Amino acid sequence: MSPSRREFLWTMGAAAATVALKGAQDVFWESDESLDVGWVPGIEERRNSACLICPSRCGISGRLVDGRLVRINGNPLHPLSRGGLCPRGVAGVQMLYHPERLAGPMLRAGPRGGGQWETVTREHAISRVADRLGELRAAGRPETLALLAGYNAGTIQDIWRQFLHSFGSPNYVADEYEDGTDAVMALMHGIDRRPSYDLDRARLVLSFGAPMFESWWSPLQAFVAFASPGDEAESGPRFVQIDTRFSRTASRAHEWVGVRPGTHAVLALGIAYVLIRDELFDADFVARHVSGFEDFVDAQGQPREGYRSLVMRNYRTEEVSAITGVPVARITSLARAFAAVRPSVAVCGTDVTFAPNGLLAGLAVHSINVLMGSINRPGGVLFPEDTPIRPLATPVLDETARAGVGREPIGAGGSTFASGDPALRFAEAVAGAQAPVEALLLYYANPIASSAQPEVWREALEKIPFVVSFSPFLDETTRYADVILPDLLPYERWQDAPTPFSYPYPVWGLAQPLVEPRQGAWHTGDVVLALAQSLGGNVAESLPYESFEGLLKERARGLFAVRRGMTLGGEFERTHHRQMEERGWWLPEHAEFEPFWEELVERGGWTDQFYDHTDPYRLARTDSGRIELMPAALFNALAEQGSALRPYLDVATPTAEGSREFGLRLIPYRVSTLASGTLSLERWLAEQPGIFPDVLWHPWVEVAPETAHTLGFSDDTLVWVVSPQGRYRARLKVFPGTAPETVCAPYGLRQPDGQPANPLQLLDGSNDPLTGLPSWSSTFVRLERV
Amino acid sequence: MARWGMVIDLDRCTGCAACEVACKSENNVAAVSADQADMGRASSWMKVMAHVEGEFPDTTMHFYPRPCMHCDNPPCIRVCPVQATYIDDEGIVGQIYARCIGCRYCANACPYMVKYFNWYGPEWSESERQHLNPDVSVRPTGVIEKCTFCHHRLQKAREDARADGRELREEDYQPACADVCPTNAIAFGDLDNPSHAVHSLKADPRVLRLMEDLGTQPKVYYLRPRE
Ligand code: SF4
Ligand code: SF4
Ligand code: SF4
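Going down the list, the sequences are from chains A and B. Residues in the first sequence are numbered consecutively from 1, following our numbering. Residues in the second sequence are numbered consecutively from 1, following our numbering.
Treat the hints with care, since some could be wrong.
Far from chain A, by Cβ distances over 12 Å, these chain B residues were calculated [to be verified]: (1) Ala-2; (2) Ser-25; (3) Lys-47; (4) Ala-50; (5) Ile-77; (6) Leu-154; (7) Leu-168; (8) Asp-190; (9) Asp-192.
According to the in silico footprint, chain A covers these stretches of chain B (three or more CB under 8 Å from chain A) [stated by the list, open to error]: (10) 6 to 19; (11) 84 to 97.
To be clear, the hints were calculated from the coordinates, so they are not data collected in a lab. Quick caveat: nothing in here was measured; it's all calculated off a predicted structure. From the three backbone atoms N, C-alpha and C, an ideal C-beta is built for every residue, glycine too.
Here chain A stands alone, though its shape is the one from the complex:
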């Protein structure tokens, strides 16, 4: 296929065409004073660091000219990203030098949210915070301090937790959704951790709704596997995308399997049916390592159907085809490929788990990995070891702290197997005056923009007398703060950058300051340490570190001492190290710690590329030592809840038809990152929001041509997307890849004036009772012309 000239012009969109057509009258030549930027040849330098924008935390290499950060390139030594970057990483220079960056610490002057601020010194701001927190402790109410953290990784998370713990507050609130896969692993493997996927060595990747090339844990991990060396199409793994939406990932995968909304897991069990019927599964693995496959008698002495019977009785390909809309032949060929092209792995995405039966659906998807024995084997699901950095000092608790941390965390509980949306529960508890919060710290969290329920958050904030934000920008939630202590931006600070769970080898990336920190801003890590010092006593003892940089160096001593792994290195070095470790060798490259640390900083981090596939502890940590297809804990919990849900049977989102009033199914999807939207808009990114060359800056929604036609809308119509819960404005884009009767709505965009355009605020609020995770595909909307 190659686009014809006419098509190509169409594809190029109206954007370019109008340039040629716009009137010529205002063309003039003008010498532009502003262009004299006074350049002289500068001193150029390149330094490695890490991108901290999304959970992937890729390696970067900054190009500096006279101390200015001019370009962000990839760091080829980083084992995950290998010199590649995504556009957000590249646009980081616009975040660093963003004109709206806050100049320094500020105190509220005038009413809450009134926009009046008084600029103060760092010392002043921090003593204000320390005094206030000190009062809470003195009054014996440390539990009324809470932290809302939108960035939850590495050492900064560790010291925040340690700070709160020794202070006496149980209220570390993560403003982040889990994706539910950790609950699946905990139930089936007894390993409470998200799975890692060995994409590099897999030959077939079956992605069930995971946006691997877009907003997955690490798009770069998927890109690198997708592009593994060699010119042949067969060189990397074959990517098969099972998705409701014809996403960018679906379009670029080798194969797209379109399924009806909420039926991913039914397809997985249809594949399992063929694997069992045709005896294609790894019977030896199942016999040795798996329980619950055959019928069994449970702890209460009740006979129960095993996995085999359930699947064989309920997932005949014809039935699966009728539910999912995938033809029988396609199901069979997917299953055959999954068995034949080894190693193969199934990846479970949030389209599966963000559903009313999300946990059971996740279990069903992962079960085909278990059937094929794609666990703890090259190219399969792996459970790597943690990075061996030094732990923090043991926390010291005094009477006050012990009493405080013994309290119930606000909004605790959640659901049996996962914490759902702890931030929203926290806000509800506070807004409903069930729990007093005297002081709230906001760390990279902007719930007014990102939450599905900003109103609840507004109410909660009203009830909290003292709010401190560490945001470098005056975002929606920071506007409610009493004190702002703007953090340094990523390119100005020390921070560790562990790779996400999806990556199967420990990597301790290191971000180092590339440019001189902006005057006035202050590393939040150092602020935490300073707060601990000024609070004194056991809090200071629990965080006995001079500086955050010093702490990172201290932690790196663990890497130096562990006698494995390496500072980041190229392909050859990585392979060499791995092969040596496979043979039980390890050669020290540094006799002393200092040179080791210097090399670690210079190269951008540390990694260990060896994985022990023989370790049974990485297969299952259940009592039986087996992978449980029928987890007892799950049955018990269901019985306790009096739930009628049946594992492997109730795995699809119950079919709901849109009402006459709201006839279109809303399918929100992320365009950017998993974290909540706290970034100020970088202009280059605003000009490149998606796949439509002519939608710049504006939020949009996608509908199928016939749907648009029925509604009488054409491309670019400005519409309200309306659900019973609310509405927002967007441009309608007619997209032939969208399923009829659905509206695909990107999440994470803003209006040109900065207002969030958040489809999550339209959701019906239903969730999975087992995990508390929200349902993203059960809401129906209508479109109205603006």
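With chain A's structure known, arrange chain B with the ligands on it following the hints.
Same frame as chain A, but now just chain B with the ligands:
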């Protein structure tokens, strides 16, 4: 004499647009306001175009990263009344900003629509100026700008090679887009040099050039997707 060209593998491009943003960062391409963007005045020397075919569920979509084609027979230079746009000995089509009178004939003549006009001077705030790349001039109001194959990188690479007393190597000169692409979809080099990847890639049976029938002889090749 080198003949610089590019081969873009449509099977590898995932449409992530890292190339697009890297190009803007490397070449100081200013963003315009939302209003201006609505009028079609945003510049993207490299633009990732989506090509969609078919109806749901038999849809296909491919992404065409689209720089200037650096045509060997470029219609743009023929229409320029002041020779502000030109093709150099090594096939790179350039733009001399100081000479450009802003008539925009070339923008209209270019069938690929890769020439962008500066309706206003670039808006860089005081702080944003710090990230400007000193190797590339910023453009004034009223001139046309376009992809240069990151020509400044060639000059630099040449100087470095000369200083080291060696030949210019393939990896010494790569434009920003090819450099950043996380899936290595963009190959760049001397089309006439058998040791450069593009030399053999352009002979691939999958090769395709956009609107070849116009006789523009583009030096940007695409490898069409395998079915
Ligand atoms: S994938 Fe994430 S970490 Fe990597 S460059 Fe992009 S934003 Fe940065
Ligand atoms: S960077 Fe590479 S993969 Fe991304 S859009 Fe450009 S050519 Fe395609
Ligand atoms: S693509 Fe357009 S601007 Fe580039 S050389 Fe060809 S005609 Fe000129």
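Looking back at the hints listed earlier, which ones does the structure fail to meet? Hint check: 2, 3, 4 and 11 fail, others pass.
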